[in-house]
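Chains as they are written, first to last, in my numbering: chain Y, 1 to 482; chain X, 1001 to 1291.
FYI, nobody ran anything at the bench for these hints, they're computed from the structure.
Bear in mind that the values here come from a model prediction, so they are computed numbers and not experimental data.
Hints may contain errors.
[Stated by the list, open to error] Taking lysine to any residue and the SDA-like style, the derived pairs with C-alpha atoms no more than 25 Å apart in a straight line are:
1. X:Lys1103 x Y:Thr392
2. X:Lys1103 x Y:Pro117
3. X:Lys1184 x X:Asp1208
4. X:Lys1135 x Y:Gly385
5. X:Lys1103 x Y:Gln118
6. X:Lys1135 x Y:Ala379
7. X:Lys1084 x Y:Ser72
8. X:Lys1103 x Y:Lys158
9. Y:Lys158 x Y:Leu43
10. Y:Lys398 x Y:Gly57
11. X:Lys1014 x Y:Arg443
12. X:Lys1156 x Y:Val420
13. X:Lys1089 x X:Thr1150
14. X:Lys1135 x X:Ala1106
15. Y:Lys20 x Y:Phe89
16. X:Lys1184 x X:Lys1156
17. Y:Lys26 x Y:Pro117
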Amino acid sequence: MNKPVAPEEFDYGPLYAAQKKVYPQKVSGRYRNVKWALMAVCLGIYYLLPFVRWNRGPGAPDQAVLVDLPNSRFYFFFIELWPQEVYFFTGLLILAALALFLMNAVGGRVWCGYLCPQTVWTDLFFAVERLIEGDRRERMKKEAEGFTLQRVVELTMKHSIWLLIAWWTGGAWVLYFNDAPTLVRELVTFQAPALAYIWIAILTATTYTLAGWMREQVCLYMCPWPRIQAALTDEWALNVTYKTDRGEQRTSLKKAAELRALGQPAGDCIDCYQCVNVCPVGIDIRNGLQMDCIQCGLCIDACDGVMEKIGRPTRLIGYDTDINIARRKAGKPEIYRIIRPRTVAYVGMIVAVGAVMLYALLNRSLLDINVLHDRNPVAVRLSDGSIRNAYTVRLLNKRGAGRVVTLDVNGPANAAVHVVGMDAVSSGRPEIVLGRDQTTELRVLVTAPAAINSEKSIPLVMRVTDSAHGDMASATDHFVAP
Amino acid sequence: MSDHEGEFDKATGKTTTGHSWDGIKELNTPLPRWWVMTFYLTIVWAIGYWVVYPSWPLVQSYATGVMGYSSRADVAIDLANLEKIRGGKMAALGAAPLAEIEKDPALLALGRARGRVVFGDNCAPCHGTGATGAKGFPNLNDDDWLWGGTLEQIEKTIQFGARSAHAESHEGSMLAFGRDGMLKKPEIETVANYVRSLSGLPTAKGYDANAGQKLFADNCASCHGDAGKGNPDMGAPNLTDNIWLYGADEATVVETITNGRNGVMPAWIGRLDPATIKALTVYVHSLGGGQ
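If we strip away everything but chain Y, and leave its shape as in the complex, we get (with noise of 0.2 Å):
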């Protein structure tokens, strides 16, 4: 039961805390060069691409990867997609969730560790910080000692240098939206629009402040990825583990040799504090896995480090799963399954969603119909008693050149054709012109005998096709009497 307590005698504790600052040590080993590795990828390729050219014919924009907001276009090496095409991007978000999930299924969060721009930023960040400031007891000393004129001058490069990553940042997402090397030229010139510096402004100051201020607080409290990804966690994914059935009990390398000289069982783990000391989101890892952990494996370069030298196998630390743990106690073999009914059912869904998507770009029209008919009224009788429908007709021409199409109806026997403004006519058909990468709208009218049988509604077929190319593209709709 609750036993009422003095006031006096318990710590209430504070109502908000404060910020436990991380201090990252420097660490080397497998790990650290994977991240290396992929942070220059990532980066490269995030700074680079909009300065890779693709040739489009004269006329298109001749930038590999451009997001073209004023003519509604996106541009992505080969492939051209028009607004009603946003689905591509749907389809891109489900790929990437589910390739999430299947890492997640394979590897725990790898994304976390490696490959999200808050990691790699922040990675950046923490490079320069050790680069001005020194290592984690250097930096610790000198935040304690207080300011200095050495420290004012470290602190004052260390932003600079950070807040001249993030105007890099800024600059290159902006260069997805233009031309890059024209909007490169008018910004150094003040000629560039001023939502390319607003944009640049805004992304300079969110990587600043997420990089270099936030750090691991945007995986703790912003993110909803690690809460997500605790549900869709199992037994079998491995996580970044501290091997408790070889590192308990802990003690120090003196008392553990002195053990092991007496035959007696010894834990690995000397309590060095080293996985501590490097974690960029300040966690113990021996806690067991926890909401916290990014998995970047940084501790693991850390802690095999101490093993090498203390001439203990390494991978005290290391990618397990709790299974491992167990079975070992037990005296049973490791067993590690990557290809089981969940990690199939992501691969699958993968490919699944992959083929449809390739097929639905494969497949797509470069020449695209669309009939409206006439709504008010949806048909007129003429004069002479024959009846009109008519129809707003809109074209897309998707392919980089003018062309010109012919106009097919297929609908009311004898009926006669006519698109306002169009006099052009080929072989009996209408003939229009279009534009290159662009949609007309015509007003096509059709007209029926007044013989037809008015009593119900006829089919009827518009089809256009562009005989020099072989495209073509038909649409449906009714012919009504009155």
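Position chain X against the provided structure of chain Y, taking the given hints into account.
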């Protein structure tokens, strides 16, 4: 904080808030300070908003804010900008000869778009939103034109109207043959049957076609023509086609001959600028009935 009825929780090493539900106590897990600061900042931001932008309702009016911002003024600016953007294009439309507009896809699109909107604002009350007309108000989608259906004729009709107060208005009136005593009731019935027969409609039993033809030639042919084909210069409708402005049944035709019909279309010149009238002309012409 001393008003907390909390206690120390041994398992977690934290204090509780003192709140308890079904024996489960809530731990006091403090928010991060930056989070709280952000929250306070949003409050400060909100107060700043009150100062800068209009917000509080007052008894007679409202607090306008130091910026004097008004979304209505924003709309006015947007509209002015729109006018500026349109200006050049509308000028091009106004300068282009009528015959050229439909041949230029860009001008045709502009004319139709602008014409549709202006039509909805000014013409739809009589002619209907789809220009389908009504009894006494011509359907503009068909190919029957009282005053002519070429681009020039349509423009003229829109500019000056028909039987309007404008000096250049179309003139021409259908006489009230019955009311003014020019024809007697049986004569009117006879000529009505004759007129219906011109467009192939059935006639009443025992009606004298020869008498009808003579009556028509004496009274109607001067405007409607010998064959009843009408005359766009006088707004005299074609009586041989299937389109009837007021209706084709015998009673309606008798009524028309007895009392006359003189529908009025107002003049739009002066109310709409020339370029807009051009756009309207192109729109109406492109509805499909234009000649």
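Structure-based check of all given hints:
no. : hint                  : verdict
1   : X:Lys1103 x Y:Thr392  : holds (17 Å)
2   : X:Lys1103 x Y:Pro117  : violated (54 Å)
3   : X:Lys1184 x X:Asp1208 : holds (15 Å)
4   : X:Lys1135 x Y:Gly385  : holds (18 Å)
5   : X:Lys1103 x Y:Gln118  : violated (57 Å)
6   : X:Lys1135 x Y:Ala379  : holds (17 Å)
7   : X:Lys1084 x Y:Ser72   : holds (23 Å)
8   : X:Lys1103 x Y:Lys158  : violated (65 Å)
9   : Y:Lys158 x Y:Leu43    : holds (20 Å)
10  : Y:Lys398 x Y:Gly57    : holds (14 Å)
11  : X:Lys1014 x Y:Arg443  : violated (75 Å)
12  : X:Lys1156 x Y:Val420  : holds (21 Å)
13  : X:Lys1089 x X:Thr1150 : holds (24 Å)
14  : X:Lys1135 x X:Ala1106 : violated (35 Å)
15  : Y:Lys20 x Y:Phe89     : violated (39 Å)
16  : X:Lys1184 x X:Lys1156 : violated (37 Å)
17  : Y:Lys26 x Y:Pro117    : holds (20 Å)
Violated hints, listed in ascending order, are 2, 5, 8, 11, 14, 15, 16; each of the other numbered hints is respected by the structure.
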